[in-house]
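Going line by line, the protein sequences match chains A and B. Letter by letter, the first sequence follows residues 1 to 354 in our numbering. Letter by letter, the second sequence follows residues 1 to 354 in our numbering.
These aren't lab readings, by the way, just hints derived from the structure by calculation. Mixed in with the good hints, there may be bad ones.
Pairs count within a copy or across copies, as identical chains cannot be separated in the list.
[Said to hold, decoys possible] Dumping the calculated DSBU-like pairs for lysine-lysine here, alpha-carbon to alpha-carbon at most 35 angstroms:
#	residue 1	residue 2
1	Lys178	Lys315
2	Lys277	Lys70
3	Lys70	Lys270
2 protein chains.
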Amino acid sequence: MASNGANQPLLSGLVDPTPQTNNKDAPKRRRFRRCKSAPLADVLDPEIKGKDSIPSSGSIFGKPHPNFMKVAVYLSMYLGGGTICFYSVRNQIEGTKTDAILDSVYFCIVTMTTVGYGDLVPNSVLSKLLACGFVFSGMGLVGFILSKFADYLAEKQEFLLVTALHKHQNVGTTNILKDIESNKARYKCIVMLINLVVHIVAGTIFLFVVEKMNLIDAFYCVCSTMTTLGYGDRSFSTTGGRVFAVFWILTSTVSLGQFFLYVAEVNTEKRQKALVKWVLTRRMTNVDLEAADIDDDGVVSAAEFVIYKLKEMGKISQDDVSQIMEEFEDLDVDQSGTLSPSDIILAQDSQTKS
Amino acid sequence: MASNGANQPLLSGLVDPTPQTNNKDAPKRRRFRRCKSAPLADVLDPEIKGKDSIPSSGSIFGKPHPNFMKVAVYLSMYLGGGTICFYSVRNQIEGTKTDAILDSVYFCIVTMTTVGYGDLVPNSVLSKLLACGFVFSGMGLVGFILSKFADYLAEKQEFLLVTALHKHQNVGTTNILKDIESNKARYKCIVMLINLVVHIVAGTIFLFVVEKMNLIDAFYCVCSTMTTLGYGDRSFSTTGGRVFAVFWILTSTVSLGQFFLYVAEVNTEKRQKALVKWVLTRRMTNVDLEAADIDDDGVVSAAEFVIYKLKEMGKISQDDVSQIMEEFEDLDVDQSGTLSPSDIILAQDSQTKS
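Bound conformation, chain A alone:
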């Protein structure tokens, strides 16, 4: 095959005129660095530009801004509705009671997080069915909080943690962000572990001081609560205890759930990193070259190589590629195998004609 240099004349003048030596120390990393500010010849009607423009990252492509409002609204709707419901059937709930409204909120939280101590239990058909309804919707809501809210908070805390860790070294924000990026899941895990320890210590001390439990019982009640086990032999039975419980139960159960999610993420990240390394260091053979050559011109361009490796890494599937290739062939009006400004003009013409 003599085609390995066939594309060369086309590329000359556009790529750096680096001498083609096999010297490994030559600065060849530079070749694809492009001047993004230099636009292609703009031959299109300015009216067309601007339409269908790329939305700013963050709105669709970036990580969506977590909807605090949504979480807050759903949570207050749930707790508000739950409190009203359980307050109105308060005579059909039996157990250790303190203040009627506080007990309703407390029962709501204990049900929603599926702790279910059993220190307050519904004892009529209506209150039992209400509890059934609230526990299912509560599980969904906790899942929603885990997916939207907890991750966002952890990311904020992560930044603080990494900044603190790098305090002694004189590194800039860019380096901190880079460090976070490459160890995202690991740092989040550490953040959540710190959160958990704070919750455990605070809960144990509170139960020891306010609910007058001994230290073992306090720790046991903390574990039983944050795992949502809630045997119910130890629970919050004083007014002060229940006020604390309303906040502490929700945040501690969410923290533990999120911690388990992050542990799973660390494992996935590790496997993914190992796979990427394996794919990148694997030697290319001629069979690979042929398989990677999408446009069948006998050589593998940088973009074709990237797609081939992405497929090997499992980040994209052949389906993804095929779907986009169909779109490409529709766009390639002059069927040159490449898209150029003239294709866009032709496509524009055929659209205005039809």
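Based on these hints, arrange chain B on the given structure of chain A.
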């Protein structure tokens, strides 16, 4: 720019000689269909081939075969260890008792799934700390079962479901697989919903018949158990009931957890599909063309287009691309901007020399 046809001579003979009309009905989809069996000229030492060959899909790239053995071993280790531990401290656990060994297994399951009825509660320091240890490791194990086992079972059931749905239509396995592929999460959701209904009905009838509860109480106990709420005012108190509970609690809590995971997956899939559609139908502008042009040759090849769209869809990041590009530039020994068999030979030579 006159470069839109510049690559044409290189491609002629390799692509179909379809006349270059703007006729939309012309069969232009065919251009990139390649004969995969035709290998590139193989100029390499046959010894090199075979080394570093692509592992068969399924081993690394495909969905890993779920490790039944692992789940089975972990689960029996957990239950075995738990039963021995709780059996040996059976005098430090108080509550409704039946058979000593059965109660230990039952307590283990109720703790592991975080149902925590409280019909059996530890009442010594040792048994309380044991319970704390077992609930944390149990949560991890349930997460492991959810990630490995439940999804695999759901996929098996999914195939049965879709086959049954298509029974009247005379479609082949390929079509069924295609249907499953494009509605994966939706069908899994349905499968899990059916699972849940079966669990609810079976549990309610069992509690009604064996534990002599009324129907409302039976349903209430079922809901309270599968959500892991476990108030504990209603639970399995007979020997037969606890034997049933050991199996039913584990499968029903896992089913509900998996159901919530699938609901989240359906939502993600929906959003992803909408995004893909938006990206694919969005009109290309010259700015896009310039941004997509990785090798800066003034035109966008099919592969470059695919990478640009994949980035827009959020399936890959610039980081992924950069990492692979670095590897590409290392491999492109003759710095032609493309990989060809000669690059592989050169790379091979420099390796043997050094």
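Comparing the hints with the structure gives:
1. Lys178 - Lys315: both (21 angstroms within a copy, 20 angstroms between copies)
2. Lys277 - Lys70: Classified as between; 26 angstroms across copies, 40 angstroms inside a copy.
3. Lys70 - Lys270: both (33 angstroms within a copy, 19 angstroms between copies)
Checked against the numbered hints above, the structure violates none of them.
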